[in-house]
Amino acid sequence: MVKRWSLLIVLSAVLLLWDGRLLYAQSGDDDSGATLDVKIYIPFVFAPGQPSTVETEEALTKTVVRIYLNDQRQLHELAHELDLFEEATTNGYAVGLASEEEIAGLRAQGVRIEVDRARDGELRSAQAEVMSRSSQATNTIPGYACYRTVEETYNSLTTLTATYPTLVTKLNIGNSWEKFTPGGNAGYDIFALKVTNSAKPDPKPKFLLMSAIHAREYATAELAMRFVEDLLTKYGVDPDATWLLDNFELHLIPQANPDGRKKAEAGQLWRKNTDSNDGCRRSSSWGTDLNRNSSFKWNTGGSSSNACNETYRGPSAASEPETQAIQNYAASIFPDQRGPANTDPAPATAEGVFITLHSYGQLVLYPWGWTTSPAPNSTQLQTLGRKFGFFNGHQVCNGPACLYGTSGTTDDWTYGDRGIASYTFEVGTAFFQSCSVFTSDILPKNMPALTYAFKATRRPYQSPAGPDVLNLAVSAATVSAGTPVNLNATLNDTRYNSNGWGNEPTQAIQSGRYSIDLPSWKSLPSDLRLLTAADGAFNSSIESVTATMDTAGWSTGRHTVFVEGVDANGNVGVPTAIFITIN
Amino acid sequence: MPMEMWVCQRRFLLRLTNRVLAVVWVLAMAVMISSCTPLLMTPVAQSEGSVAKTEGRLIVQITYPTVDVLNELAGELDIWEVDRAAQTLIARITLEQYTALRQPDLIITLDCAKMRQYAQQNNLSLPDIAKLMQEECPEK
Chain A
1 MVKRWSLLIV LSAVLLLWDG RLLYAQSGDD DSGATLDVKI YIPFVFAPGQ PSTVETEEAL
61 TKTVVRIYLN DQRQLHELAH ELDLFEEATT NGYAVGLASE EEIAGLRAQG VRIEVDRARD
121 GELRSAQAEV MSRSSQATNT IPGYACYRTV EETYNSLTTL TATYPTLVTK LNIGNSWEKF
181 TPGGNAGYDI FALKVTNSAK PDPKPKFLLM SAIHAREYAT AELAMRFVED LLTKYGVDPD
241 ATWLLDNFEL HLIPQANPDG RKKAEAGQLW RKNTDSNDGC RRSSSWGTDL NRNSSFKWNT
301 GGSSSNACNE TYRGPSAASE PETQAIQNYA ASIFPDQRGP ANTDPAPATA EGVFITLHSY
361 GQLVLYPWGW TTSPAPNSTQ LQTLGRKFGF FNGHQVCNGP ACLYGTSGTT DDWTYGDRGI
421 ASYTFEVGTA FFQSCSVFTS DILPKNMPAL TYAFKATRRP YQSPAGPDVL NLAVSAATVS
481 AGTPVNLNAT LNDTRYNSNG WGNEPTQAIQ SGRYSIDLPS WKSLPSDLRL LTAADGAFNS
541 SIESVTATMD TAGWSTGRHT VFVEGVDANG NVGVPTAIFI TIN
Chain B
1001 MPMEMWVCQR RFLLRLTNRV LAVVWVLAMA VMISSCTPLL MTPVAQSEGS VAKTEGRLIV
1061 QITYPTVDVL NELAGELDIW EVDRAAQTLI ARITLEQYTA LRQPDLIITL DCAKMRQYAQ
1121 QNNLSLPDIA KLMQEECPEK
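As you go down the protein sequences, you meet chains A and B in turn. Residue 1 is where the first sequence starts when you use our numbering, and the numbers rise one by one after that. Residue 1001 is where the second sequence starts when you use our numbering, and the numbers rise one by one after that.
Because the hints were derived from the structure by calculation, they are not lab data. Note that the structure is a prediction, hence the values are computed from the model and not measured. Cβ coordinates follow ideal geometry from the N, Cα and C atoms, glycine included. Each statement offered as a hint is correct.
Covered by chain A, per the in silico footprint, the following chain B stretches (three or more residues, Cβ under 8 Å):
(1) 1069-1078
(2) 1082-1095
(3) 1113-1121
Heads up, incomplete: computed chain A residues facing chain B, CB under 10 Å, no partners named:
(4) Arg271
(5) Gly301
(6) Ser303
(7) Tyr360
(8) Pro400
(9) Ala430
Bound conformation, chain A alone (with noise of 0.2 Å):
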């Protein structure tokens, strides 16, 4: 009996063991139709995407050698045989790569024959460091080498940090769903980056720009993320990425959707997050699409019930972790500043701007996306988007006037529960965009639209209906104290496009202003200094201007000229910055 017991009880275990601690395995349904969608509890080394190293593992069989060389003839018969250098024979030696049954063979044949070891070590530095990048780049998106993938991501946000300490902090804003549920896969931590000039601590307004929250669409996280690299890069030679950095805050949030993306990375199609909790049973179908997930207006419309549907809202109002991070992190740097009523407009001195980045259709969308009420700053929100229109030449409109209604979003939440201006920019022509759109349209069309809104992010509501900065010039870049310098600008009240959309009222020139080391609304009144119309008179919607600038009592080193333009409205539009050195 005891026997029988002992035998069914380690039967028992074997079998619960091998069905629940090895492996378990669901055969999937996904979009690829032929991969499973396999829970592995034990190391998983499949590396899917991994580039052949044969090449490379063949060059570093082979040595530099020195072949010492009889005669010319010699050298075309081993030419014809080894991989020789194409480089002077004039030591009286030949030099190439010969594996060790080839230094052997010729050895046999009584070559001399000899290592060149100082370059043989210098060739096999410089393999390791080519396998090193090649091992890198297998996390990038097959077929699409231009797209970081969430790990690169990651990976850039790290170096960015250590590149520039003062400038960039790297802030752990919550999990994604599979981090969150136990269980699973592991899942990954959700960054966001706030770039600013740390060293200037007081209160800036903030630029919250957020991509890749739909996980298919590639070109949005690298776009956010050129835009910052570039930004940083420019901090101390651009002037205009120096002011801003030093008095306005970036926050970017690159993958809003890690756990879908490494889906779509995979080739999927895939959408929304991986929640697989809520009630769908279709592997290729479940998930929570967050951008209908956001608690403002939630369940209101342009969304779905059924779990398996690609705009499925999920189960309550934010109820995925990811849209929780996002909330919870916007929350933290953006306080509310508008009313509880839908028809409470923030005030026109509200600050922050916020964008996230989805593809496609080349559209610029503004709130409300819940109702085909106008928002209650539509006026300004179409402003600043017919700004952005100018740049990326995007059809700019609300949802439901040129697309459709929808509720949940991301832009209703912060510009509903925040006030926030807030906006979704669709860029490019499809999900998985190729490299050569990416690079020759959408980068050179929308980081422009992105400068801007972290220009307008202090006064979104009133900065973008007043005149660009043109054409910004000195006559020199580096005096002597006392030398005066003369400033040159365009202003432009005249830049807009909704592409379709209704046209922006412009207005005439009413008047230019400078100021020196601080920006307007950091100088005293008596600081601001004027400019003159070029023509004698303000009185056409673009401008030339011009003023002299005297040095005299200017300290010594790098000095900020910031340069503003006025309408005839009173609306004064964003600073263009120059630098001009005293030595």
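With chain A held as given, fit chain B onto it using these hints.
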């Protein structure tokens, strides 16, 4: 009752009891272990056995009659593109949705170019999808 028969019945009952006990024990163990480890509680495990067969997708153009219908569709479908002037949209849908959408007020056709572009993601080799492709997107 003869003694032999009684012994035989007793043995039979003992064996039966042992087997029943064994089955109960195995079930109890399974329940106990599954409640102790999160493994069997994973969402994936919950859906085991109920996972549908490999599922295909269709990329379709839908001509809709009104904005209200568009908004209704937008709540349920994975819409990729909208042309408000032409009153058409491009969406990626399941076969189930395709069947449900075949209504008199909607014109629905396969977007053959996109179907081919995303052939792998849409599982074009599945019989139902392949049949539709053959009908609507014949190779020239």
